[in-house]
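> Sequence:
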Amino acid sequence: MWTSVLKCVLATALLMVVVVDGDDKKTARLQIGVKKRVDNCQLRSRKGDSLSVHYVGTLEDGTEFDSSRSRNKEFTFTLGMGQVIKGWEQGLLNMCEGEQRRLTIPSDLAYGKSGSPPKIPRKCVKHSFHIQNLL
Numbered sequence: 001m002w003t004s005v006l007k008c009v010l011a012t013a014l015l016m017v018v019v020v021d022g023d024d025k026k027t028a029r030l031q032i033g034v035k036k037r038v039d040n041c042q043l044r045s046r047k048g049d050s051l052s053v054h055y056v057g058t059l060e061d062g063t064e065f066d067s068s069r070s071r072n073k074e075f076t077f078t079l080g081m082g083q084v085i086k087g088w089e090q091g092l093l094n095m096c097e098g099e100q101r102r103l104t105i106p107s108d109l110a111y112g113k114s115g116s117p118p119k120i121p122r123k124c125v126k127h128s129f130h131i132q133n134l135l
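Each step along the sequence shown adds one to the number in the UniProt record's numbering, with nothing skipped, and position 112 is 112.
Treat the hints with care, since some could be wrong.
Claimed, not checked - With a straight-line cut-off of 30 Å between C-alpha atoms, the simulated DSS-like cross-links for lysine-lysine are:
(1) Lys-113 <-> Lys-126
(2) Lys-47 <-> Lys-113
(3) Lys-73 <-> Lys-123
(4) Lys-126 <-> Lys-47
(5) Lys-123 <-> Lys-47
(6) Lys-123 <-> Lys-36
(7) Lys-113 <-> Lys-86
(8) Lys-36 <-> Lys-47
(9) Lys-35 <-> Lys-73
(10) Lys-35 <-> Lys-119
(11) Lys-86 <-> Lys-36
(12) Lys-126 <-> Lys-36
(13) Lys-119 <-> Lys-86
(14) Lys-126 <-> Lys-73
(15) Lys-86 <-> Lys-47
(16) Lys-36 <-> Lys-119
(17) Lys-73 <-> Lys-86
(18) Lys-119 <-> Lys-73
(19) Lys-123 <-> Lys-86
(20) Lys-123 <-> Lys-113
(21) Lys-35 <-> Lys-126
(22) Lys-35 <-> Lys-86
(23) Lys-47 <-> Lys-73
(24) Lys-47 <-> Lys-35
(25) Lys-35 <-> Lys-123
Keep in mind the hints are simulated off the structure, nothing from the lab.
Model the full assembly from the supplied sequences, consistent with the hints where possible.
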C-alpha cells in the first residue's frame with residue numbers, strides 16, 4: 001500500500017514540475033509593439049549596424065529605472081555584438097530610422113534570474129525605443 005501511495009505522490013510532484021516549467025516558458029516571450037511606423041523605409045537595422053537610440057526603461061508597474069531621454073543623450077551601440085541585453089538585440093532588428101517600438105522583455109532576455117538589484121527585480125521589463133540614426 002505504501003508503495004502505491006509513494007508512486008502517486010512522486011507522479012503528482014513530477015506533474016507539478018512539468019506544469020510550472022511549462023508555464024514559465026510560456027510567459028517568457030519577447031513582445032514587440034510598433035508605436036510609430038516609417039513610410040518608405042529604405043534601410044532596416046540588422047546585426048553589425050550601429051544604432052543611435054533614445055529609450056525609456058520601466059518595470060511592470062510603470063516605475064522608470066533608466067532613460068536616455070532624462071539624460072538628454074542618445075545611446076549608441078552596435079547591434080548583435082552583446083553590448084546590450086538580449087531583448088534589445090532581438091527586439092530592435094529590422095527597425096527603420098525614425099521608427100518607435102515598445103518591447104516587453106522577459107527576465108531571461110533582460111537582467112536574468114537575479115535581476116539587477118536594487119532597482120530591477122527578476123521580472124519583465126519594458127522599454128520604449130525611438131531610432132534616431134541607423135549607421
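> Each hint should be assessed against the structure and marked as holding or not.
Right, here's what the structure says about each hint:
no., hint, verdict
1, Lys-113 <-> Lys-126, "holds (16 Å)"
2, Lys-47 <-> Lys-113, "holds (26 Å)"
3, Lys-73 <-> Lys-123, "holds (27 Å)"
4, Lys-126 <-> Lys-47, "holds (22 Å)"
5, Lys-123 <-> Lys-47, "holds (27 Å)"
6, Lys-123 <-> Lys-36, "holds (26 Å)"
7, Lys-113 <-> Lys-86, "holds (14 Å)"
8, Lys-36 <-> Lys-47, "holds (22 Å)"
9, Lys-35 <-> Lys-73, "holds (21 Å)"
10, Lys-35 <-> Lys-119, "holds (26 Å)"
11, Lys-86 <-> Lys-36, "holds (22 Å)"
12, Lys-126 <-> Lys-36, "holds (17 Å)"
13, Lys-119 <-> Lys-86, "holds (19 Å)"
14, Lys-126 <-> Lys-73, "holds (19 Å)"
15, Lys-86 <-> Lys-47, "holds (12 Å)"
16, Lys-36 <-> Lys-119, "holds (29 Å)"
17, Lys-73 <-> Lys-86, "holds (22 Å)"
18, Lys-119 <-> Lys-73, "holds (21 Å)"
19, Lys-123 <-> Lys-86, "holds (15 Å)"
20, Lys-123 <-> Lys-113, "holds (8 Å)"
21, Lys-35 <-> Lys-126, "holds (13 Å)"
22, Lys-35 <-> Lys-86, "holds (21 Å)"
23, Lys-47 <-> Lys-73, "holds (23 Å)"
24, Lys-47 <-> Lys-35, "holds (22 Å)"
25, Lys-35 <-> Lys-123, "holds (23 Å)"
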